[in-house]
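A.B. asks: The chain contents come next:
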Amino acid sequence: MKFDLSYTIEALPRLLEGATVTIQVALLGFLFSITLGTIIVLTRTTLNWRILNGIIAIYVSFIRGTPLMIQIFLVYYVLPVTGLNLGAFTSGILAITLNSAAFVSEILRGGLTSVPKGQFEAAKSLGVSGFALWGRVILPQTFIASIPPLVNEFTQVLKATALLSIITVVELLRVSQQIYSANYHPVEILSGTFVIYFLLCFFVSRGSVLLENHWRIRRA
Amino acid sequence: MAIDFSIFVEYGPRLLMGFWLTIKIVISAIILGMPWGLVLALGRRSRFFIPRLAATSFVEIFRNTPFIIQVFLFFYVLPFYGIRFPAEYVGTLALAAFGSAYFAEIIRGGIDAVSKGQLESARAIGMSDWQAMKNIVLPQTLSIILPPLTNQTLSLIKESAILSTITVNELTMSGIRVQGEIFRPFEVFIMVALLYWGLNESIAFLMRKIEKKANKGRTTNQNIAGKNTFISRGASR
Numbered sequence: 466m467k468f469d470l471s472y473t474i475e476a477l478p479r480l481l482e483g484a485t486v487t488i489q490v491a492l493l494g495f496l497f498s499i500t501l502g503t504i505i506v507l508t509r510t511t512l513n514w515r516i517l518n519g520i521i522a523i524y525v526s527f528i529r530g531t532p533l534m535i536q537i538f539l540v541y542y543v544l545p546v547t548g549l550n551l552g553a554f555t556s557g558i559l560a561i562t563l564n565s566a567a568f569v570s571e572i573l574r575g576g577l578t579s580v581p582k583g584q585f586e587a588a589k590s591l592g593v594s595g596f597a598l599w600g601r602v603i604l605p606q607t608f609i610a611s612i613p614p615l616v617n618e619f620t621q622v623l624k625a626t627a628l629l630s631i632i633t634v635v636e637l638l639r640v641s642q643q644i645y646s647a648n649y650h651p652v653e654i655l656s657g658t659f660v661i662y663f664l665l666c667f668f669v670s671r672g673s674v675l676l677e678n679h680w681r682i683r684r685a
Numbered sequence: 137m138a139i140d141f142s143i144f145v146e147y148g149p150r151l152l153m154g155f156w157l158t159i160k161i162v163i164s165a166i167i168l169g170m171p172w173g174l175v176l177a178l179g180r181r182s183r184f185f186i187p188r189l190a191a192t193s194f195v196e197i198f199r200n201t202p203f204i205i206q207v208f209l210f211f212y213v214l215p216f217y218g219i220r221f222p223a224e225y226v227g228t229l230a231l232a233a234f235g236s237a238y239f240a241e242i243i244r245g246g247i248d249a250v251s252k253g254q255l256e257s258a259r260a261i262g263m264s265d266w267q268a269m270k271n272i273v274l275p276q277t278l279s280i281i282l283p284p285l286t287n288q289t290l291s292l293i294k295e296s297a298i299l300s301t302i303t304v305n306e307l308t309m310s311g312i313r314v315q316g317e318i319f320r321p322f323e324v325f326i327m328v329a330l331l332y333w334g335l336n337e338s339i340a341f342l343m344r345k346i347e348k349k350a351n352k353g354r355t356t357n358q359n360i361a362g363k364n365t366f367i368s369r370g371a372s373r
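For the protein sequence lines, the chains are A and B, in the order given.
Take the first sequence: its position 43, counted from the start at 1, is 508 in the working numbering, and no numbers get skipped.
Take the second sequence: its position 150, counted from the start at 1, is 286 in the working numbering, and no numbers get skipped.
I should point out that these hints are in silico values taken from the structure, not numbers from a laboratory.
All residues carry an ideal CB built from backbone N, CA and C; glycine is no exception.
A few of these clues could be false.
Said to hold, decoys possible - Partial list, computed: chain B residues near chain A (C-beta under 10 angstroms):
no.	residue
1	Phe144
2	Glu196
3	Ala223
4	Ala340
5	Leu342
6	Met343
7	Arg344
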């Protein structure tokens with residue numbers, strides 16, 4: 466057999482359509498996971514309840530210690546048994562969110578330690594506390610310090626969305642599977658998919674530098 | 137929904153068989169991938185353009201695409217060119233290739249972390265490039281890269297779950313098969329998750345102990361090592 470590029474080109478429009486779904490899922494999942502991750506970090510540092518901290522520690526350890534695929538299965542197959550029927554798309558995003566939030570919370574925790582203690586003290590001596598302290602002073606600095614690992618995490622999420630094809634979310638990989646199960650040319654189609662994923666991830670990870678420069682200027 | 141504990145007893149042995157295959161695959165992938173990763177790392181630092189380009193493209197391609205597609209490509213491309221292996225071998229090969237790209241970056245980071253003066257003084261007393269690398273730089277690199285290598289090993293254990301998509305009968309696949317017979321997703325997948333979790337946590341625990349022993353009285357390297365674990369948390373899944 467010979468590699469026939471015409472199959473790849475023919476499939477390209479549908480693959481790109483799938484890629485937009487991949488990007489949507491990744492963006493949604495990442496947005497939710499940043500929100501959840503921030504909430505986790507905030508409860509950990511401001512409330513500091515021992516039981517809650519224990520639960521969070523177990524959650525993070527579980528997420529980091531088990532394959533994402535199993536987590537996806539747990540969400541997709543187990544929730545319906547308890548009566549919560551979400552459908553593939555929603556449970557996929559839920560699984561990605563729960564997974565990524567654990568990593569994001571660890572990243573933000575690292576970013577938080579890079580904020581000097583003087584910032585807290587200065588804010589307090591000016592009478593800034595509560596929402597203004599966190600929302601205006603501490604969290605912005607935490608996020609700016611965490612840009613490189615957060616961008617890295619986003620590429621991880623982008624790659625992780627490919628796993629959702631297993632639970633029938635019609636994203637890029639699923640689309641390519643649909644195409645090659647119809648025309649029996651897996652090598653040509655999968656190569657196209659491979660290149661699209663590579664370009665997506667490669668440009669996102671290179672975009673980290675731009676983002677960092679942008680925020681450095683804003684800050685100064 | 138009540139948890140049926142008899143499932144753990146009845147189907148546990150089958151899952152343990154899969155678990156054993158997972159362990160074997162990961163160990164083989166590390167044995168194959170680590171030397172190849174070292175070759176890639178040295179290739180990226182090479183003075184010549186061609187090996188540098190080849191090693192860099194290999195690493196960037198494998199780091200910037202989902203592992204599941206790499207697995208599919210290995211699974212379909214090898215037969216396309218007439219090379220036929222059982223699925224386990226293809227899976228191990230894919231895992232080794234994927235892992236080697238990350239190993240290469242870790243080793244490269246470790247080599248860069250050893251101060252440049254070490255290499256220069258080794259060259260100054262008449263060692264060749266390779267001798268200096270082998271006798272001076274790489275031994276020092278080892279203690280620096282131990283924590284990130286552990287992380288990468290844990291990540292390979294988790295990624296090996298994806299091999300279930302090409303019918304390798306490892307832990308996840310056994311779980312899927314058992315679930316297909318008894319329709320008790322919670323018990324089955326929790327059991328699978330606990331096995332992965334237990335393995336990962338025990339390896340992490342063991343390596344922390346070894347690190348502590350290896351780093352005794354070596355404060356400078358410990359600092360670098362601590363920094364490295366934070367940076368090269370790259371392949372987290």
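A.B. asks: Each hint needs a verdict: does it hold in this structure or not?
C.D. replies: Here is what the structure says about each hint:
The beta carbon of B:Phe144 is not positioned within 10 angstroms of any beta carbon in chain A (closest approach about 16 angstroms), and the interface hint is therefore violated. For B:Glu196, the suggested interface contact is upheld, since its CB lies about 7 angstroms from the closest CB of chain A, less than 10 angstroms. About 15 angstroms separates the beta-carbon of B:Ala223 from the nearest beta-carbon of chain A, more than 10 angstroms, and the hint is not met. A hinted interface residue such as B:Ala340 counts as satisfied when its beta carbon comes closer than 10 angstroms to some beta carbon of chain A; here the least separation is about 8 angstroms, so the hint holds.
The beta carbon of B:Leu342 comes no nearer than 14 angstroms to any beta carbon in chain A, farther than 10 angstroms, and the hint placing it at the interface is violated. Because the smallest distance between the Cβ of B:Met343 and any Cβ of chain A comes to about 14 angstroms, over 10 angstroms, the interface hint for this residue is violated. Checking B:Arg344 against chain A: minimum C-beta separation of about 14 angstroms lies over 10 angstroms; hint violated.
In this structure, the hints that do not hold are numbers 1, 3, 5, 6, 7, in rising order.
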